[in-house]
Structure formats: C-alpha cells, structure tokens
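Visitor: Position chain B relative to chain A; hints supplied.
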Amino acid sequence: MTTTADRPIGFGRLKRKEDPRFIRGQGTYLDDIKLPGMLHGAILRSPYAHAKIVSIDTSRALVHPNVAAVVTAKDLETLGLAWMPTISYDTQAVLAGDKVRFQGQEVAFIIATDEYSANDALALIDVEYEPLPAVVNARKALDPEAPLIRDDKSGQRDNLASPTWEAGDKEATDRAFAEADTVVSRDIIYPRCHPAPLETCGMIADFNPETGQLDIYNGNQAPHAHRTVYAHVAGLAEHMIRIKCNDIGGGFGNKVPVYPGYVCAIAGSIVAGKPVKWVENRSENLMSTGFARDYVMRAEICSKDGKITGLRVDTIADHGAFDSTAQPTKFPAGFFHIVCGSYDLHAAHVQVKAVYTNKAPGGVAYRCSFRIAEAVYLVERMVDALAMELKVDPVELRMGSFIAPEQFPYETTTGWTYDSGDYAMAMRVAMDMAAYEDLRREQAEKRARGELMGIGVSFFTEGVGAGPRKHMDILGLAMNDGADLRVHGNGKAVVSISAQTQGQGHETTFAQIVAEELGIPPEDVEVRHGDTDRSPYGLGTYGSRSTPVSGGAVAVVSRKVRDKARLIASTMLETRPEDLAWEKGRWYVKGDPEKGAMIEDIAARAYSGDPMPEGMEGGLDAQVIYDPPNLTYPYGAYLAVVDVDKDTGHVKVRRFVAVDDCGVRINPMVVEGQIHGGLAEGIGIALMEVLTFDEEGNCLNSSFMDYLIPTSLETPDFELGETVTPCPHHPLGAKGVGESPNVGSPPAIVNAVIDALHETHGVDHIDMPCTPARVWAAMQGRPEPPQ
Amino acid sequence: MNVTMSVNGQRVTRDVEPRQLLVHFLRDTLDLTGTHWGCDTSNCGACVVLMDGKPLKSCTALAAMCEGHEIRTVESLEVDGRLDPVQQGFHEHHALQCGFCTPGMMMTARGLLDENPNPTEEEIRVAISGGICRCTGYKNIVAAIRWAADNDALARQEVSG
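If you read the protein sequences in the order shown, they are chains A and B. With the first letter of the first sequence counted as 1, position 777 gets the number 777 in the numbering used here; the numbers rise by one all the way through. With the first letter of the second sequence counted as 1, position 34 gets the number 34 in the numbering used here; the numbers rise by one all the way through.
Next comes chain A alone, as it looks inside the complex:
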C-alpha cells in the first residue's frame, strides 16, 4: 500500500525517479550508444614500466583491411596534442613518444570499423623498446641513485613531483612533544587502490569539420570542467564543444580526470572525420586510470595526563609517472591537513613530499574528499595506538579528547573551521547500538577459548563540499555550481544542475529540494543534468559536493522563484507582498488564509497576458551560481566487529555499526544507500583492494581476478544509526555524506583486526589490506616491512 510517507512532497523516503529505466535495462550508458558511421578505437599500451621507445612501426597494422587509421605521438605532435595538462598543473603524455613511464601507458591508438578488428590490429604494431630500470617504491624514488623518470621536464633532476608542503604549527607541535608524557610513533601506509567503477571509462567523439562542432559522449563526473579542458587542449572554441553524459555506471572519483584515451578519441575523430568510440577494458581501467591513495606516512602522536596533545606527520605521496592528483590548486596534498580529526588538539604539524614513480598517474579521491580518507585513517589509527600504549579503552580516550559542542565553530590548528557537531553524542549512540560492554565481555570469553574476536572503533570528521571561491579552485575554475529553474505555465518545473550523478540519485533528491521549497510534487519536477548545452556551468560531482554545493544552488534558486511568485501573487490577490505568507505550494493573505494563490496558478499567470507586477518580466524562472561560504563537516562514529581465523588469518567482518551525522537528510533512503555502498568499499580497502607492483613495475592486480572487490559474502548486514546536527550555513542544513562511509570504515576495521591480535600475538600494526596472508604473517611475528 502506498502511503504519504512514500510520496512526500519534499524531503522523505521517496522511491527513486531514475529506477524505472534501470530496472528495465533501458539505461543509456556510454557503450550503449551507436552513431552512424562510428569507428572503434583501441589503445596499444606499454608492457614495460620504464623504457626508451626506439621505434614504432605501424605499417603492418595500416594494411589490416578494417583499420582506418593508426595514431602515434608523432601524429599528435602535428595536432599539438602529444601532451596534455593534468588536473594538478603537470603535463602527461597522451601517447608516449620518447619513452614509457609506467606499465600500461598509452603508445598508439588504432581506429577500425569494429572493436574486434581494432584489438586484432594492436598486435600488428611493432614497437622496439630499450628497457630502463624502474622505480616503484616511493621512498626509493628519493634515492639520489634512482632512475630519473621525468627527464621530459626541463630542470628536473630528481623524482620530486612538487615542493614539500606543510600545514600546522611546527613550533607548538615540537613543544607539545617535548612536554608530553607519552609518545607513540607508527609507519603507516595507505596503499594504492582503485575506485574501479563497474562501468569502465570511455568516450565517443564526433567532430564535424564543416561546422567545427565537437560532440562528446562520455561518462564523467564533471562535464563542464572537462569541456573547458578540451577547449584548452585541442584549441577548440569552448562553446562549440558539447559533452553529453547519459547514465554513468559508477564513478567514485575514477571519472574525474581527463584521460589520454579521451584525447585520442577526439584526435581520432578529427583525423578520421567520423565518430570514434573508445571504451577501455577492465585491465586498462585498473592499470592506467586514476588510482587512489598511495600515501606513505610516518606519524607520531603524544599525550599528557591521558589527553591527546600533539600529532606530527611526515608523508610521501606517490603520484606515479605524472602528477594528476585531484585536488584544489592551493592544496597539493588535498585536504590531508584535516588530520587532527575530531579532537581538540592544539598542536599538529603535517609535511607532505610528492614523488614520481614508474606507476600509473592518478591520486584521485576514491569516494573521499581530496585525501581526507588518508587523514582520517592516520589519525584514527594513531589514536588507537596511543590508547593501546596508555592501556585505556579507545572509546574512552576519544571521548576525553573530542571537540565539545559549545566549541563550534571550531578553528583547527591546521586551518579548518568546523561548522557544527556533537561528537560525544554520536559516539554514545554507536556504543549503545553495538552494546559495546557486551561485546567486550564476549571478546574476553572468546579469548579465553582461544578465539580471536576484535572490536574496532573510528570517529571521523570530513570537510566536504568544495568549495568557497575565496579558498579554492581547480585549474583556476571556481568550485561553484549553477542551477536554473523554470516553473512552466502548467505548474510543473524543470531544474537544470551542474552536478553529475553516477548513481547518487540526483534526479530524485534535487526534485525533492524543489518540491520542499515550492510545494510542487517531485514527480512534476524534471531534473536535467549531464549535457553541457542544457545545464549551467559548475564543477560536477566528487568530494561529496553535490548536496553541499549543487543542493545549495537548487535551494537558493527555488527561493528566488518563490520570491518572484510572491510578487506575482500580490498582484493576483491585490495585496502587498509583505501581507502574504507562504505555506508549501501556496502564498496566502495573512489573516485571511482562505485567500491565496497556488504555485501553479501563479505560474500560469506569469506566462499569461495578464498584467505582471510593475517592472517585472514575465515567466517564472531564475538562475543562480552558488558559492558555498564554507565546507560542510559531516562526521560519524563507526564500530566494526571482526573474527580472525587463528589458523588462516582470514578476517570476517561480522558486524558493522555506522552512526552518521550529515545534517538534514533530504531523502533518508538515498542517504542510507550511499552509506551502505561506501561501507562495502571501505571493507574492500581494509581487507582486499590493492594495486601492487613487482620490482620491474609490473602491475600485479590488473583484473578482477587479482583486484578483489567485496561481494555479498564479505559484507555484513550493516547497522545504521544517525544523529542530526544541521549545517548552520547550508540553506537546507544539509552536509555531504556519500564519502563518509568509505573514509570512516577502514580505520574501524583495521583497529578491530589489531584489537583481535594485540593481546594474544603482540601485533600493534598491520598495513592494509588485511589479507589472510598478511594477517597470518603478522600473527607469526613477521609483519611485512613498511614500503
């Protein structure tokens, strides 16, 4: 039975508007699109991690009957497309000309009549390589003897990718450590992993030489920003490029960057004069597109009288062969300096070096806001390590060190202004849900029987919704988002947004915002996105920024429309605007509630021939570009219960309790779905997802046979809870949430694994992923040495 709870006009558990096409198999993903005359591209990739290219001979491929063209670096040079800028102001080879710098690097692009022929013809290209020594280890990349990777950059004499970056107060931190009674240090690696969306990356480029128009079909997370980049790279006029993102099969940060394959497809279409489709296979996705994390950290934490007093972190960021990390320009280590976490900590210092290695470029935010995952993992591991040293309960140590509710807005020592929170309350809710005391009792009983059970907690604070233009930009572009709203004469609305869904349910959530603000039922609000010709400029969806930024834009534009509707209603009702009051969907006369005008009647009036208020144009629409005043700061308390098999080291996550505070929830069903998904990814990162390389730079996890992703059997029946602390500066009181579970869950799981093993086996750290082999080795007192 359908109830009003299922059909809210505004916020609530509305079933998704996008579901009907997906459950019928009628979504339109990139590879579902066929254009007349379309050709198919395939990329020849380097088998070596580091090698000089002596020669490339394409003659045998060119005589393949179905091959239309073969593109190499030489051809791209003539088009000025051999190199492209990265998102971090570095340059990246589109196709390698001088040498290859990672295994899987793009060397040649073949265009053929069909996908099978294009892939057949790859074997007909003869490339002669002269292998060079490779460096795959971030610390070894700093060795003066290490092979120089970026000899293409003039003046580059080592493998440092950028100057050392610092945040925090070094002096205060040194002082805190000098005065501390307890100091704990750890070497912690957040290993290289990959977002691996189920749909890989790809593009169809369709250049029309007659008009100069370039149409692009591509599933990416930031279509407007991509268009700006293509205009810059290809020397085309931005307004003559149209990007259409239809349905996207997941992104998680992987579909933020511009990849060489995209530029090849565009160049291919320019060369061939026909649409060119390129879709990468899974190995190409894992081996060459945006990886995440790869932070090698050395951290120290100190305390005095049982309270955390200082944190010091020295990090090496491994960017791979080209620095294409995703982050706002002024923050070369992203938001890593949020590393003080949720604690009232007056002394912290963070230092980050970045290096080049012979690995794929990237450093994207895999469901995380620009390195916050690394920061949260670090601080939550360190707090647990300190609790272990102090022999206090990890919950108790956290409770005693939290920022108190009355301290908000709270300025952190590394430069953040947290907006709101009641951390202790969220932690208590999680402890109650988990029945923490009972779990500790159960653990003691099991331990007495020789069974290994672990309980791990984490508490995270995220800064999401980048961001205020006074603080940040990407490639010089303001991180703002637009919204255009038109209420048609029939009372139904179209809202165009610059955020780009990859599964987040924007067509539902954003319709609900308009519904909440204007009282138009969400089924009558069409959300338009994913087409740069039909949506306002904005920076897209990543870093949990959709609701904080685009959601703010939609709320504000709805209120602008509501304000205009008030003036029109005052004309209709022959009263002064200030004498009108609003209820959902209707302006009415104060003191005479029977007398009013419904939003659809006001809309009809706006397009009719009847008079408008003095000086007002007809129509009922508005536009905004929303510049958020601050990031939003969601937080949460997570608890994992794991069982470790004492004979194999296998870790089973038996329970996972997640209490999230993301402020006001527009659609709680969608929010919970986001949390479930992020928790599964967090379990993957903690237990199985990793990209590793051998000494020669061969990628050892280049398919789903080796890059393991949790299935229904590795994920528990998640237990969710919530507290609601509205964001004080967001128009709806909402905060971002999509990434919280991915950010918050790995430390809870690793803390649980170590909790299971510390007392019996003396284990005090295991780097992720906690695979059976790695856990078992740690249990034998043979932990894998830090990288």
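Calculated directly from the structure, the hints in this document are not laboratory data. All figures in this text were calculated on a predicted structure; none of them were measured in a lab. Beta carbons: idealized from backbone N, C-alpha and C, even for Gly. Among these hints, one or two may not hold up.
With beta-carbon atoms standing in for the labels, derived distance ranges [as the list claims (entries may be wrong)]: (1) A/Gly450 x B/Asn151: 42 to 50 Å; (2) B/Thr13 x A/Ser608: 56 to 64 Å; (3) B/Leu62 x A/Thr692: 42 to 50 Å; (4) B/Pro18 x A/Asp645: 55 to 63 Å; (5) B/Asn151 x A/Ala231: 47 to 55 Å; (6) A/Glu594 x B/Asp114: 52 to 60 Å; (7) A/Arg60 x B/Asn151: 52 to 60 Å; (8) B/Glu78 x A/Pro613: 43 to 51 Å; (9) A/Lys492 x B/Glu78: 22 to 30 Å; (10) B/Thr29 x A/Gly80: 35 to 43 Å; (11) A/Gly609 x B/Thr29: 49 to 57 Å.
In silico SDA-like links for lysine to any residue, alpha-carbon gap of 25 Å or less [as the list claims (entries may be wrong)]: (12) A/Lys15 x B/Val79; (13) A/Lys15 x B/Asp152; (14) A/Lys17 x B/Gly130; (15) A/Lys15 x B/Gln88; (16) A/Lys15 x B/Asp150; (17) A/Lys17 x B/Glu78; (18) A/Lys595 x A/Gly619; (19) A/Lys274 x A/Asp215; (20) A/Lys652 x A/Pro716; (21) A/Lys34 x B/Val16; (22) A/Lys74 x A/Val63; (23) A/Lys170 x A/Arg298; (24) B/Lys54 x B/Gly130; (25) A/Lys153 x A/Thr164; (26) A/Lys34 x B/Asp31; (27) A/Lys646 x B/Glu122; (28) A/Lys34 x B/Gly130.
Here are a few chain B residues that face chain A, going by a calculated C-beta distance under 7 Å [claimed, not checked]: (29) Leu30; (30) Asn43; (31) Ala46; (32) Val74; (33) Glu78; (34) Val79; (35) Gly81; (36) His94; (37) Gln97; (38) Phe100; (39) Pro103; (40) Ser129.
Guide: Chain B only, in chain A's frame:
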C-alpha cells in the same frame, strides 16, 4: 557461421563470427543493451542472462555455443506492462544506484527464485556472490530479492486462488 537460438521467446538466426561472445551478440547484433559488460574475466556478473533458465555470465559463452538454447535477458522481465516482482523489489528496496550491475543481479535473482522460491538470506547472498555491485553494499539487494520471493508467492496464490 549461422546460429539459431531463442532470445526472450523469439527465434533468431544470425551469421556470427565464431569467436563472438554472447554478450556482444546480444548487445551489438541484437541491440539488447540491457545486458552489460564490466570485467573481461567473469568476475563481475554484469552480463548475467538466463540460459535455459539458469544464470549464465554471457561473457563466458560464445554466441555460437548457444545454438538451440533459450536465452532470457533483462528486457524480458516485464511482461505486458507488469514488472517482474524482482524488478519491483529492486525499486521498493532501493537495491540499485548507478544501475549498471542491476540487470545481472536481477537475472541472477530470477534464476534463483525459479529454482528456490523461498530462499534464506544466506542462500540469497550465496546466489548473488558471483556479481559485484559497487554502489549498494548488497544489503538492499538481498532485501529486494526477499521481497520478490514473498511477492512471487502472493502472485502464485492469486493465480491458484
């Protein structure tokens, strides 16, 4: 070479390359793009269809191997405007986000319920463990399939009643 099979109840005969995968035959030759492709190595399950009623990863079969067999894809689930309970359950329980794994998950679920109309949660989890969903964490997929089981039963009662 020529191959003849039944696809969603229709007999189709096509000239195929012997090496053509069933997933490509469905998507590119028959334009049934509801069946997706995600991994190359038969790990992800986005390409699951039913072959003679049993779930099959269509990237593991050549079109030529399907001679004389019955193939069902996601496009066949809805009949005369009536959603299959599996489809309805996915909508009711928010069991999909990006939608990419959804057809494979739903076909796997259909295959399970046809064989075991009243599966336990554990049986559901085992049945879908050959597929990967990056968005939902599986919890709601399990609930959706359980909902479909209950509503399959209701539908059968209605028919027999």
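Visitor: Decide, hint by hint, whether the structure agrees.
Guide: Outcome of the hint check:
no.	hint	verdict
1	A/Gly450 x B/Asn151: 42 to 50 Å	holds (46 Å)
2	B/Thr13 x A/Ser608: 56 to 64 Å	holds (59 Å)
3	B/Leu62 x A/Thr692: 42 to 50 Å	violated (33 Å)
4	B/Pro18 x A/Asp645: 55 to 63 Å	violated (46 Å)
5	B/Asn151 x A/Ala231: 47 to 55 Å	holds (51 Å)
6	A/Glu594 x B/Asp114: 52 to 60 Å	holds (58 Å)
7	A/Arg60 x B/Asn151: 52 to 60 Å	holds (59 Å)
8	B/Glu78 x A/Pro613: 43 to 51 Å	holds (49 Å)
9	A/Lys492 x B/Glu78: 22 to 30 Å	holds (26 Å)
10	B/Thr29 x A/Gly80: 35 to 43 Å	holds (39 Å)
11	A/Gly609 x B/Thr29: 49 to 57 Å	holds (55 Å)
12	A/Lys15 x B/Val79	holds (22 Å)
13	A/Lys15 x B/Asp152	holds (21 Å)
14	A/Lys17 x B/Gly130	violated (28 Å)
15	A/Lys15 x B/Gln88	holds (11 Å)
16	A/Lys15 x B/Asp150	holds (20 Å)
17	A/Lys17 x B/Glu78	holds (18 Å)
18	A/Lys595 x A/Gly619	holds (23 Å)
19	A/Lys274 x A/Asp215	holds (11 Å)
20	A/Lys652 x A/Pro716	holds (9 Å)
21	A/Lys34 x B/Val16	holds (19 Å)
22	A/Lys74 x A/Val63	holds (19 Å)
23	A/Lys170 x A/Arg298	holds (16 Å)
24	B/Lys54 x B/Gly130	holds (13 Å)
25	A/Lys153 x A/Thr164	holds (18 Å)
26	A/Lys34 x B/Asp31	holds (10 Å)
27	A/Lys646 x B/Glu122	holds (24 Å)
28	A/Lys34 x B/Gly130	violated (29 Å)
29	Leu30	violated (12 Å)
30	Asn43	holds (4 Å)
31	Ala46	holds (6 Å)
32	Val74	holds (4 Å)
33	Glu78	holds (6 Å)
34	Val79	violated (12 Å)
35	Gly81	violated (11 Å)
36	His94	holds (5 Å)
37	Gln97	holds (4 Å)
38	Phe100	holds (3 Å)
39	Pro103	holds (5 Å)
40	Ser129	holds (4 Å)
Checked against the numbered hints listed earlier, the structure breaks hints 3, 4, 14, 28, 29, 34 and 35; every other hint is satisfied.
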